[in-house]
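Let the sequences and hints guide you as you build the complete structure.
In the order they appear, the protein sequences are chains A and B.
Just so we're aligned, residue -9 is where the first sequence starts under this note's numbering, counting upward by one.
Just so we're aligned, residue 5 is where the second sequence starts under this note's numbering, counting upward by one.
Derived from the structure by calculation, the hints contain no laboratory data.
The C-beta atom is built at its ideal place from N, Cα and C for all residues, glycine as well.
Hints should not be assumed to be uniformly reliable.
What the hints assert, rightly or not - Cut-off 25 angstroms, straight-line C-alpha distance, at most; resulting in silico cross-link-like pairs (SDA-like, lysine to any residue):
1. K(-8)/A - Q538/B
2. K48/B - L99/A
3. K490/B - Y401/B
4. K(-8)/A - S343/B
5. K91/A - Q144/B
6. K(-8)/A - E8/B
7. K(-8)/A - Q44/B
8. K151/A - Q44/B
9. K160/A - Q538/B
10. K160/A - G415/B
11. K(-8)/A - L338/B
12. K399/B - L99/A
13. K48/B - T190/B
14. K91/A - L338/B
15. K128/A - E535/B
16. K534/B - T7/A
17. K160/A - K48/B
18. K91/A - Y401/B
19. K537/B - L99/A
20. K91/A - G415/B
Claimed, not checked - Cβ pair distances, simulated, as ranges:
21. E451/B - A94/A: 40 to 46 angstroms
22. D18/A - F132/B: 45 to 51 angstroms
23. P48/A - F132/B: 30 to 36 angstroms
24. A19/A - E258/B: 23 to 29 angstroms
To be verified - To spell it out: a stretch of chain B is covered by chain A in this simulated footprint if at least three of its residues, at any positions, have a beta carbon under 8 angstroms from a beta carbon of chain A; those stretches are:
25. 20 to 32
26. 230 to 238
27. 258 to 268
28. 298 to 305
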Amino acid sequence: MKFDLVLCGVGGQGVLTTAYVLDHAAVDAGLYFKQPEVHGMAQRGGAVSAQLRISDVPVSSDVISDGGASLIISVEPMESLRYLQLLRPDGWIVTDVTPLKNIADYPDLTRLYQTLFSLPHVLAVDASRLAAKAGVMKAPNIVVLGAAASLLPLAVPSLEKHIAALFAAKGERVQTANRKAFRMGRAASRFAAALTERGVPHALMARVVARLDFDETPAPVPVVEAWSERLLKPDGADLAARVLGSHDLVPLDARLPEALA
Amino acid sequence: MTREILLGDEAVARGALDAGISAAYAYPGTPSTEIFQTIQAYVKQHQLDVRGLWSTNEKVALEEAIGVSYCGKRALVAMKHVGLNVAADPFMNVAVSGAWGGLVLAVADDPSMHSSQNEQDSRYFADFAQVPCLEPADQQQAYEMTREAFELSEKLRVPVLVRLVTRLAHSRALVGLSERRPQNETHYVDDPGLFTLIPSNARRAYAKLVDKQAGLQRYAEENAGNVLALRGEGKPGIIVCGVAWNYLREALGEAVDGFNLLRVGVYPLPVKKARALLDHSSELTIVEEGYPFIERFVSALGLFREKPVKGKLTGHVPRTGELSPDAIRRTFGLPVAPSLEVDRLESLLAPRPPRLCDGCPHGDSYRLINEVVQELAKDTRVMGDIGCYALGYLKPYQAIHSCVCMGSSIGMAIGAAHAGISPSLCVIGDGTFTHSGMAGLLDAAREDVNVKVFILDNSIVAMTGGQPSSLSDEALVDLVAGLGVKRPHIRVITPLANKKAENLAVVREELAHAGLSVIIARRPCVVYAKEIKQQQRERAAAHHHHAGDCADCTGSCP
Ligand SMILES: Cc1ncc(C[n+]2csc(CCOP(=O)(O)OP(=O)(O)O)c2C)c(N)n1
Ligand code: SF4
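What follows is the structure in structure tokens.
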């Protein structure tokens, strides 16, 4: 087993924190790993990335080869595209959709989304809003990690354990909120998988998941069914575009797809 | 054996602690900074009796370590590659005197220049000084070789250089740690001539260093860090070293076993092993991270024609930047895996370089400087220096026109003044000023050159993560005065938008003065406000001197 992934975002978004959780989970699983990272950007808002190479045999190179990564986990949508050279053609991108515009020439967001949502395997979530709802503004990285969890060769309880350890010093409230943030991400990925299972085209699924208001528990089956049925109708693409265009989280409500029609 | 997840830098730190160091010194610099950070934190957490500090510069750091070695104890010095240029004088000379207690330099090179001005290869320095260099390939070796370096240093009485590169320094893996060795007892150098390099002693010492070379060669030849694997007469051969081994292994996979191979981790180059490899091989490819160091020896710069030798000099391996598994695949004509392709991806990717933080005092300083520069001759140049404020080169400021090495701005401004730019301007941070800018100011003061020195005093070494400045605030004013700058032309301003008018007036007054002026723009870095307070408290405590104790207390003393 060999699994390479890229973690990325902007200084201060907790990219290296996520790497810490994954490293420890890899040790728990008895796997070998190497995990290089970029230092020195935390304060000054530059692009930050880390890589993680997990394997059941010793890892040679610290860095991933082009086309070697199975997954990119990003806390920012433009950054999620910066390392595509490393991604396999069948690799996944899991990202927050919220742009961080600390530069003058940030690309046009409509075009950015168009490209992002035309990729074959993308799971985007509104991690910033979900984190705020969970009670920690700073936790989009944890939401995104939750969304990526099912793609990782690592055990979910182990990930949760190390997230808890990470925030142990910050007290019960922060710990609970981070666990919630992680589980919201998990719920998003399960919902995405359920829509895909029901035949919803990837591009539509990805647009809808990017704005839905997930809870820490999985979405109930009737909700999944309502959304997939609605998205499978001829104007499903239209609905998906409208959901993505929404300025706030869209409630995960079984009646809503019809109401939006 | 316990196991921990460690960065390469952390592994070096733990290796040094477990080798029984009594002290460690460093000057911060990416990618070496975490070495001393780790030592400092670990010593504090475990209440170890290990001394040390963030030194004022690399030269002083090494000299402090030499002092420890002189007293028979072990010391580590850590710095980035260009730091060794600053420490080159003590380094070249302690090689001659030799070490007493184990003396190890951990030097981190930065191929690809992730955060440096050049990609100089520290193996050359070790070779130049005729001392051993250990080059770990992974985190485990970083730990073990650091330990080994101390043994070697004491056994052969030489300083030893451990060479890291960014990819290892800043990459994590699980590392097995072994038991800590006790520290040495103090045992002073018995012969004071050993460390007294007056010519008569130095000649003897240098002859001794030359004599040591055979022992070093033997050490490298027999060391398990240099692995020779001969797979068959007439097969192609490879010499590989340090982290390049990981990339080679990744690129070739099992096929690497089809080559005759010399894997180097310990220098001087094991010549006999290299000779055996050459004799067995049809041709040789040399894969090294950094300069073509081994390749120049082995190929004699291309003069060696017995067998084809391929590498960086021949264009078979990229000459600049870091290696990677893909670079090596290309060297061996192997395919590179396809990536997910996206049309016109570049048009969607704006670069996101680091920038001055919101509210950074340097931003206000640059707005001020840009405004006065507009009033000066059109070709006015502002000499810059290294620190967060080097970002002032970029938009939106574009305020500085040079940045060469730490401390160079003042000397360059003197030169520019001599070349006809008058007044000549320069900016330098408090950290960089005390690191190596002071000497330049001494020159400027001696001749009262028409230079306007802006010292951007943010009370900390911010660029590398908030290490303490050697000195700032009022003590900095006194230092500047002590260097010979006339008090009326040392001006302190607070770089803030709402003080811009008065600041402009101060700067204009100094521009009107046809001599040396120092304008100190004093405002703490906003990111490290907490650390600055903490450091000020620690400094006050260290001086047994508390705010309010003095009759004329202004509350601003360090
Ligand atoms: C010889 C050398 N040592 C270390 C470094 C790494 N380095 C870059 S900037 C800097 C310190 C800058 O501090 P300061 O001048 O106070 O500026 P600030 O970042 O606080 O604005 C250091 C240590 C270097 N570039 N060269
Ligand atoms: S870290 Fe401090 S000095 Fe550096 S850019 Fe930020 S505020 Fe300015």
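Hints and how they fare:
no.	hint	verdict
1	K(-8)/A - Q538/B	45 angstroms, violated
2	K48/B - L99/A	48 angstroms, violated
3	K490/B - Y401/B	30 angstroms, violated
4	K(-8)/A - S343/B	17 angstroms, holds
5	K91/A - Q144/B	40 angstroms, violated
6	K(-8)/A - E8/B	22 angstroms, holds
7	K(-8)/A - Q44/B	36 angstroms, violated
8	K151/A - Q44/B	28 angstroms, violated
9	K160/A - Q538/B	21 angstroms, holds
10	K160/A - G415/B	49 angstroms, violated
11	K(-8)/A - L338/B	20 angstroms, holds
12	K399/B - L99/A	23 angstroms, holds
13	K48/B - T190/B	22 angstroms, holds
14	K91/A - L338/B	40 angstroms, violated
15	K128/A - E535/B	22 angstroms, holds
16	K534/B - T7/A	21 angstroms, holds
17	K160/A - K48/B	22 angstroms, holds
18	K91/A - Y401/B	19 angstroms, holds
19	K537/B - L99/A	42 angstroms, violated
20	K91/A - G415/B	39 angstroms, violated
21	E451/B - A94/A: 40 to 46 angstroms	43 angstroms, holds
22	D18/A - F132/B: 45 to 51 angstroms	46 angstroms, holds
23	P48/A - F132/B: 30 to 36 angstroms	35 angstroms, holds
24	A19/A - E258/B: 23 to 29 angstroms	25 angstroms, holds
25	20 to 32	violated (count 0)
26	230 to 238	violated (count 0)
27	258 to 268	violated (count 0)
28	298 to 305	violated (count 0)
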